[in-house]
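2 protein chains.
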Amino acid sequence: MSTLVASAYSDPTMTADPYIKQYLMTAGPTPLPPQVSQVMAEPIAYHRAPAFVEVHARALARLREVFQTSNEVLSFASSGSGAMESAVANLVVPAEPVTVASAGKFGERWLELARSFGGEVAHLDSEWGEAIQPDALDRTIKEMGRPPRAVFVTQSETSTGVVHDVRALTEVAHRHDAVIVVDAISGLGAVDLPQDEWGVDVVISGSQKSLMCPPGLGFASVGERAMALAAETSDGGRYYFDWSRTAKGQAEDPPNSPFTPAVTLWRALDVALGLILEEGLENVFDRHAVLARAARAGIEAMGLERFGPDDYGANVVTAARMPEGIDGAAVPKLMRDRYGVTAAGGQGRLNGRIVRIAHCGYFGAFDIVIALTALEAALADAGADVEPGAAAGAAQRVFSRAGRAPEPVA
Amino acid sequence: MSTLVASAYSDPTMTADPYIKQYLMTAGPTPLPPQVSQVMAEPIAYHRAPAFVEVHARALARLREVFQTSNEVLSFASSGSGAMESAVANLVVPAEPVTVASAGKFGERWLELARSFGGEVAHLDSEWGEAIQPDALDRTIKEMGRPPRAVFVTQSETSTGVVHDVRALTEVAHRHDAVIVVDAISGLGAVDLPQDEWGVDVVISGSQKSLMCPPGLGFASVGERAMALAAETSDGGRYYFDWSRTAKGQAEDPPNSPFTPAVTLWRALDVALGLILEEGLENVFDRHAVLARAARAGIEAMGLERFGPDDYGANVVTAARMPEGIDGAAVPKLMRDRYGVTAAGGQGRLNGRIVRIAHCGYFGAFDIVIALTALEAALADAGADVEPGAAAGAAQRVFSRAGRAPEPVA
Numbered sequence: 093m094s095t096l097v098a099s100a101y102s103d104p105t106m107t108a109d110p111y112i113k114q115y116l117m118t119a120g121p122t123p124l125p126p127q128v129s130q131v132m133a134e135p136i137a138y139h140r141a142p143a144f145v146e147v148h149a150r151a152l153a154r155l156r157e158v159f160q161t162s163n164e165v166l167s168f169a170s171s172g173s174g175a176m177e178s179a180v181a182n183l184v185v186p187a188e189p190v191t192v193a194s195a196g197k198f199g200e201r202w203l204e205l206a207r208s209f210g211g212e213v214a215h216l217d218s219e220w221g222e223a224i225q226p227d228a229l230d231r232t233i234k235e236m237g238r239p240p241r242a243v244f245v246t247q248s249e250t251s252t253g254v255v256h257d258v259r260a261l262t263e264v265a266h267r268h269d270a271v272i273v274v275d276a277i278s279g280l281g282a283v284d285l286p287q288d289e290w291g292v293d294v295v296i297s298g299s300q301k302s303l304m305c306p307p308g309l310g311f312a313s314v315g316e317r318a319m320a321l322a323a324e325t326s327d328g329g330r331y332y333f334d335w336s337r338t339a340k341g342q343a344e345d346p347p348n349s350p351f352t353p354a355v356t357l358w359r360a361l362d363v364a365l366g367l368i369l370e371e372g373l374e375n376v377f378d379r380h381a382v383l384a385r386a387a388r389a390g391i392e393a394m395g396l397e398r399f400g401p402d403d404y405g406a407n408v409v410t411a412a413r414m415p416e417g418i419d420g421a422a423v424p425k426l427m428r429d430r431y432g433v434t435a436a437g438g439q440g441r442l443n444g445r446i447v448r449i450a451h452c453g454y455f456g457a458f459d460i461v462i463a464l465t466a467l468e469a470a471l472a473d474a475g476a477d478v479e480p481g482a483a484a485g486a487a488q489r490v491f492s493r494a495g496r497a498p499e500p501v502a
Numbered sequence: 093m094s095t096l097v098a099s100a101y102s103d104p105t106m107t108a109d110p111y112i113k114q115y116l117m118t119a120g121p122t123p124l125p126p127q128v129s130q131v132m133a134e135p136i137a138y139h140r141a142p143a144f145v146e147v148h149a150r151a152l153a154r155l156r157e158v159f160q161t162s163n164e165v166l167s168f169a170s171s172g173s174g175a176m177e178s179a180v181a182n183l184v185v186p187a188e189p190v191t192v193a194s195a196g197k198f199g200e201r202w203l204e205l206a207r208s209f210g211g212e213v214a215h216l217d218s219e220w221g222e223a224i225q226p227d228a229l230d231r232t233i234k235e236m237g238r239p240p241r242a243v244f245v246t247q248s249e250t251s252t253g254v255v256h257d258v259r260a261l262t263e264v265a266h267r268h269d270a271v272i273v274v275d276a277i278s279g280l281g282a283v284d285l286p287q288d289e290w291g292v293d294v295v296i297s298g299s300q301k302s303l304m305c306p307p308g309l310g311f312a313s314v315g316e317r318a319m320a321l322a323a324e325t326s327d328g329g330r331y332y333f334d335w336s337r338t339a340k341g342q343a344e345d346p347p348n349s350p351f352t353p354a355v356t357l358w359r360a361l362d363v364a365l366g367l368i369l370e371e372g373l374e375n376v377f378d379r380h381a382v383l384a385r386a387a388r389a390g391i392e393a394m395g396l397e398r399f400g401p402d403d404y405g406a407n408v409v410t411a412a413r414m415p416e417g418i419d420g421a422a423v424p425k426l427m428r429d430r431y432g433v434t435a436a437g438g439q440g441r442l443n444g445r446i447v448r449i450a451h452c453g454y455f456g457a458f459d460i461v462i463a464l465t466a467l468e469a470a471l472a473d474a475g476a477d478v479e480p481g482a483a484a485g486a487a488q489r490v491f492s493r494a495g496r497a498p499e500p501v502a
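Heads up: the sequence lines are chains G and V, in that order.
Be aware that the first sequence starts at 93, since it is given in our numbering, and climbs by one per residue.
Be aware that the second sequence starts at 93, since it is given in our numbering, and climbs by one per residue.
If we strip away everything but chain G, and leave its shape as in the complex, we get:
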């Protein structure tokens, strides 16, 4: 079948048609379970009515389970970047030192944010596609004149697919008596990050990636020490993202929100978190690991180079380097316009050099087969020498060996 499909797909006379069946294979927004989509179409609720108050309280409790924490998970009507800003607005003090360790586009957002809030930033700038080494972070901090108030890192760097050793980075930050803030926007709910067990001070996330919801909710799970540090520095410049204001609202019984919550998104979140907990966090992490192994095997079977190491569970997004002589930017465009498969290319300095296949959130085995098959077909269209079905076959062998159907609960 693969051969037939790939040869039909590779017909150069085939034109782009936006009305063909669509497949969303990006790392945010990610596909939604049908129940999550449908609940947003229900009649809208007043945010202080008992029906919504119950949803809100339950979703907040479920968030604590998914964050693996006893912290109240502070929630904002914002994108994930808004929740990142909350960490910077509450912890960065003008002219006081902080450390940013980055290895991609999203890590650099910490740098931009910390500078916008006037922090004196020491920046460990790792190669995009490599992981930040704990030793290198240790050296960066040692070389700073003054110890940093906070260290900002990224769990899953969505621009390269690299996942960091958050536990080791946390140990380094704590050795220097700094709090650590982890952007886990794409990785939370895909790769294990037991916040309380590892003692991670602040974990940031967003609704639209592994949590299987639309964009529009940002989260900050803030431990006691970070909360105390923020309280020391309440010298203005924050209101909407002020942690203490939101913490005070959420501490009421039932939990309240200082600003009108995005009620349709909370309905969606409640349903999505219910599905994640029904599947079980361990099973969810294992499913992501199997899907990532299949994506990696498929990319290798196509003769492509994987971009980025797969240490620490690079199970969120898999990046493939485009072959020499192929227009890398054309490949995701062909995937989308000819085959209806929306996958992301490279961002920033990786523009036109990689294609990224997402497997975070509501993804199962057949999604990986679709993404790999579309990539194979698009590469063939672009003139690359690929063997139709090689990638799908390699992925199928991974699924067979896993001994389970790596499909999400529905």
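Worth flagging that the hints you see were computed from the coordinates, not collected in a lab.
No incorrect hints appear here.
Treat identical chains as interchangeable: a pair holds within one or across any two.
Derived DMTMM-like pairs (lysine to aspartate or glutamate); straight-line CA-CA distance at most 20 Å:
(1) Lys425 / Asp477
(2) Lys113 / Glu134
(3) Lys340 / Glu164
(4) Lys113 / Glu146
With chain G fixed as given, assemble chain V onto it according to the hints.
Leaving out everything else, chain V in the frame of chain G:
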């Protein structure tokens, strides 16, 4: 019919039942047109895919029509308060003077915000339920040692129902060479506010009130002078809400967003704005005026005192003062628990003293009849002396005189 209904409703043995048919009569979240709800259940779109890019560009163009401006309407994934914060973060400079004129809970949000960002605030604190007088604003500014950089006011004060004379307040601010920032979160799309014609520097709004969408999108329509003033003061403390960053993204062709947009809410906004423009802004404003007159007539027919003046078109929400000897907080609770009608009570210093009937957004004549009838029944339950049907009759007479069915386009 009214008599029968009211006597059945007034049966004191009737118990609360959350499973009865529900009617949302609050001023945010407001009811959504079915098309708006349904579009959020469609498969989610990648924010850089052509299908979403088209929706985003069209919705931004429609926003400009509804704001009656040639400004690019800067948009944020946030509640309306987030968009208010954008104005303060971009215009308020620590220790520099600004003026806040407030006459209710939402006006006081400007005060809290301006102080959080370190501004030296002159505060004109008008009686809740009264309107801010342009002369009083003029005196407040004259008495300041230094002229303010900006004046912050509220168009429709949702906590009291008062709508302000934005045109006159703008003239006062400009006389003192200050820019004016208007919170039009509840009033935009209900009460005429021709931004460019009146020269209003900054108009703030949100998705979840008269714009007939769920909460989660905040808007700032920023004129040239305010934009230039913001550019002078780019000394940190803002990133997510930085106007220049969002303006730069939206100025691209096609418009872009610096952070992942809340794609389901944009789909909803596009549909909702389409309905508003199909009805026509003039017709929308006129419908709100008729509904407000009917609400006021109904409240007077019940023998209640209206709270707040109705100058300048108090057409967003109508507040009724609870009679002496009646537990004011019990009335909206009875409306909700016995009759399934969710209306808001008083906030802050008006807690327990008023009931507010909303008529902003997707509201028509029968919604007003429902709200008035439920209020009448709840008042009877609470022991007040009311004449069943008096309010509905008074509202019907207003509709008859209006010579049109004041119903929204569907």
